[in-house]
Each structure stands twice: as structure tokens, then as C-alpha cells.
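A.B. asks: So the mapping is simple: my numbering equals the position in the sequence shown, first residue as 1, plus 419.
FYI, nobody ran anything at the bench for these hints, they're computed from the structure. Everything numeric in this text was worked out from a predicted model, so none of it was measured. Hints are supplied without guarantee of correctness; some may be wrong.
Claimed, not checked - Below, simulated DSS-like cross-link-like pairs (lysine-lysine); rule was C-alpha separation at most 27 Å, straight line:
hint, residue 1, residue 2
1, LYS437, LYS474
2, LYS474, LYS449
3, LYS424, LYS449
4, LYS421, LYS474
5, LYS424, LYS470
6, LYS437, LYS482
7, LYS470, LYS437
8, LYS421, LYS449
9, LYS421, LYS470
10, LYS449, LYS482
11, LYS437, LYS449
12, LYS482, LYS470
13, LYS437, LYS424
14, LYS482, LYS421
15, LYS482, LYS424
16, LYS421, LYS437
17, LYS474, LYS424
18, LYS449, LYS470
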Amino acid sequence: MKQIKLLTEFITLQQLLKMENVIQSGGEAKFFLASHQVYVNQELEQRRGRKLYPKDVVQILGKEYRME
Numbered sequence: 420m421k422q423i424k425l426l427t428e429f430i431t432l433q434q435l436l437k438m439e440n441v442i443q444s445g446g447e448a449k450f451f452l453a454s455h456q457v458y459v460n461q462e463l464e465q466r467r468g469r470k471l472y473p474k475d476v477v478q479i480l481g482k483e484y485r486m487e
């Protein structure tokens, strides 16, 4: 599980996807989420603007990320 250090109160799911090079631009987020299963705290998530806070766990393409 990869630890992601938050420098602000939260980041969005779209920002995480870009940070981890899963997508190249913000415009791709909607299409990526429509065609891949992404889980936030073990719940399927399709909102690119979902706010991620410390202790949230995100699963993307078989990898896990924990917000710190």
C-alpha cells in the first residue's frame, strides 16, 4: 500500500489519478472512472470530484493508496 501525504485538507480523486499517472489530463478522469472500477474505502466510486481525506484508502487497477 502506497502512502500519499496530503499537503492540504483533502484532494480529489481526479487529482490522485493524475498524481499517480493513471490519467494524463483531468478530462480523462470521467472516461477512466466509467470504464474501470475504483474503490474508496471499499465502496465503488465514479465521481471524479470525490474528496479524499486522511485515512481514506483508494484502490485503482489493483493498487492501494492510503491518504495520510
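A.B. asks: Broken hints, numbered, in rising order?
C.D. replies: none
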